[in-house]
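Since the structure of chain A is already known, use the hints to place chain B on it.
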Amino acid sequence: MEVSLWQKCLVRLEHDLPEQQFNTWIRPLHAVETTDSLRLLAPNQFVLDWVRKHHFDTISRTLHDLGPDAVTEVQLDIGSSNRAAEPLQATAASVAPRASSAEQPAPVKYKSNLNPDFTFDSFVGGKSNQLARAASMQVGENPGGAYNPLFIYGGVGLGKTHLMHAVGNLILERNPAARVIYLHSERFVADMVKGLQHNAINEFKRFYRTVDALLIDDIQFFAGKERSQEEFFHTFNALLEGQQQVILTCDRYPKEVQGLEERLKSRFGWGLTAAIEPAELETRVAILMNKASQNNIELPDDVAFFIAKRIQSNIRELEGALRRVMASARFTGSPITLEFTKEALRDLLALQDKLVTIDNIQKVVAEYYKIRVADLLSPRRSRTITRPRQVAMALAKELTTHSLPEIGDAFGGRDHTTVLHACRKVVELKESDARINEDYSNLLRTLTT
Amino acid sequence: MKHPQLPLGLALKDSARFESFFTGRNQEAVQSLQSAAAGRGETLIYIAGPAGTGKTHLLQAACHLAAEHHRTTGYLPLQELLNLSVEILQGLEQVDLVCLDDAQALAGQGNWERGLFDLFNRLRDSGSTLLVAAAQRPDLAGFELPDLVSRLGWGVTYALKPLADDEVLAALLYRARGRGLELPEETASFLLKRIPRDLPSVFNLLDRLDEASMIEQRRLTIPFVKSVLDQEA
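As you go down the protein sequences, you meet chains A and B in turn.
The first sequence: position 324 = 324 (the numbering used here), numbered continuously.
The second sequence: position 79 = 1079 (the numbering used here), numbered continuously.
Honestly, the hints are just simulated from the structure, not real lab data.
For every residue, glycine included, the Cβ atom is placed at its ideal position computed from N, Cα and C.
Check the hints yourself; a few may be wrong.
What the hints assert, rightly or not - What the simulated footprint calls covered on chain B by chain A, stretch by stretch (three residues with Cβ under 8 Å from a Cβ of chain A suffice, anywhere in the stretch; the number is not a length): (1) 1021 to 1034; (2) 1135 to 1148; (3) 1151 to 1158.
Looking at chain B on its own, in the form it has when it is part of the complex:
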């Protein structure tokens, strides 16, 4: 019997979809994740990359896509779950698609590493799909259980490539357009020279600008965004 959903209050962000992901040079990884989510491709994909490369977005997008294909899903941000008991990993093998985010958070935590190793074996038996995201590749993420490292390395591993400057710019414009915001390119370039250029920071700022422009009924001109930035500083 399949669990309709996990008994965990882990809501997916509705906006985290493949359509809203700026792929950049990660087309292959993205396509591979899409196939896996739909239950057609690989059964184990490990994506590695520094913060801000879109790992969380991709895993959540995979869950949304899987649900569209009537597959049950479980998304587990391990960093946030570490203070719970490792037993939350029990029963996950009954889920069609399991996504483990921030897997490096388990590194060095003996019982969690064992729990993940055990889950891995159960998932293989049950034929479920496992997607893992971590800051580093399996052999570099700091896991101490060699059995776990070798299993995580069994699937297809992708190193997500951070976006280049022009891609961050394109991603920002793309996101703004998706939200119906008119963001002139010169304003976007101006912004990117002044803020951290990882996508979460950029998109957060975009949210705030959106709000500010609505409240003040102003367009996103350079003087306006400068005033917002100055206020925040």
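So here's chain A without its partners, still in its complex pose:
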């Protein structure tokens, strides 16, 4: 098979650009090549703008170097190779009318609920949250602009709420008069119910429609609450219409939230959708260091690495562990050394050592892929079995201290080279196949929580 011009270009760019830049901005692009043109599809407006501003020249130059006559035109669009780009503009068919100034009653009191500690400065960036962080900053600097709504999604405890507050704080910093409201989705529901009960639903509507930025956390909890969704739908439309910023967080991709109306799901995707992935080791270490220094404590490297390696599930639990270590150090007056930390966290970590055995990995992986453990150990080589088996082997290598031959033995007496191959394959698949990448992260989290 002939290697396409774009693939050659990718190889060159991967070499030329820093890895993080390449992975964040260039890798997500899908190429549609014809004989004389190349259309690059960015997953959203933000990536598109960023690539246009920072990388477009490099891409054009590289393409020209590789095949001076091959491509006459390079075009950047939003979309994916499977579907045409969807229009970004909203059809405001069912937009509820904004409250007119005539019916404006006494001024409503605004309480932003923003936590002043959650800023961009205190947010530790890394590969896992680079896009979400950059997008959030853009929104903070230019609320109500192109990225509306901003939809941040990711598992529990990865920093969605922090980012959301950071945007709100930045908006306020730049415009102290801005009315920024942060609330949890349950509070929105409770307020609405209260409005209905007290015949004050119009006040409810007016309140939420006259803010400059509405930040709603964990919108997955709207699931199954039809009346709240209806109300939110209208509020949402009114805000977008008025170029007021909406920021939402969710524990999963909008389309995957069960019990949420289709029209809401589709609207959530109109602006910019950014994922936060579980933080990688280096970021977890940086988070610990940052948190410790906020508490005026100098955390030795080996201690930070020890905690970060042991607690991979989410940032809240990482912080919980650090809090415990700091509390113990205060109590005993001891310096925070590795030995001290191990002792302080003994009750917290005991389980993790116990959980992560090859047996348990096999059990969890089999359950996840809905196959039997026996299949993982069997000689069967169909794709439906092979992939989970490779994933399980890679997890065993990452999470246990067993040798490769031991891992091979535990998987039906396979050779250690099979294990090695599986580990390499999984690394490769994680880069190229988003689903495998997600499976792997989910499993890692399950096994280490």
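Here is chain B on its own, set in the frame of chain A:
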């Protein structure tokens, strides 16, 4: 506006004080709870431990101490409240110190888990202190809502250590002395070889012995306590 007290008939045991708690190897947890109760330390502490490790005593002691610092308190034994509506969690964010006992009782109860999750968020907004006690650590207590588990794990978690045999003995002597009872050590050792050695059982027996010794005007000798035990059996 602060609620002076919860509209729930949940009286605290007057005797559940930090001074009457036998700390054993739990000094750090106890001190941390004391600071939190006074409004000086952590804002979220989760204590985990099997029955009889003193969780209820500690939470109630925290409420008493908080009250001495003019803080409003709410103590909720969730096991007993499960048959009520989850709405009893409403408004708790206006209380300075919220203590949730037997939190594992909510595990698997969808609307209660959601209610607790929601309460947690409101408490963070209001800056109140939350103390939670459960049989197991957050990730092991059986909660199904991952959002709740991660939030409960955000604070400082202590696993309460059960008292060793010699500590149970010391706790028994300490409690007896606190009540003005003369309990010879050999009698205490004798008792502990014959009854369940969790502190609630031990202290309950002490209450009964106290009563029996008053009625019969006898001292707590081995023959006497043996006769009380035999009668109960």
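Here is what the structure says about each hint:
1. Under the rule that three or more residues need a Cβ within less than 8 Å of chain A, the assignment of the stretch 1021 to 1034 of chain B holds, with 4 such residues.
2. Look at the stretch 1135 to 1148 of chain B against chain A: 5 of its residues bring a Cβ nearer than 8 Å to a Cβ of that chain, three or more, so the hint holds.
3. Proximity of the stretch 1151 to 1158 of chain B to chain A, defined as three or more residues with a beta carbon under 8 Å from a beta carbon of that chain, is established by the 7 residues found.
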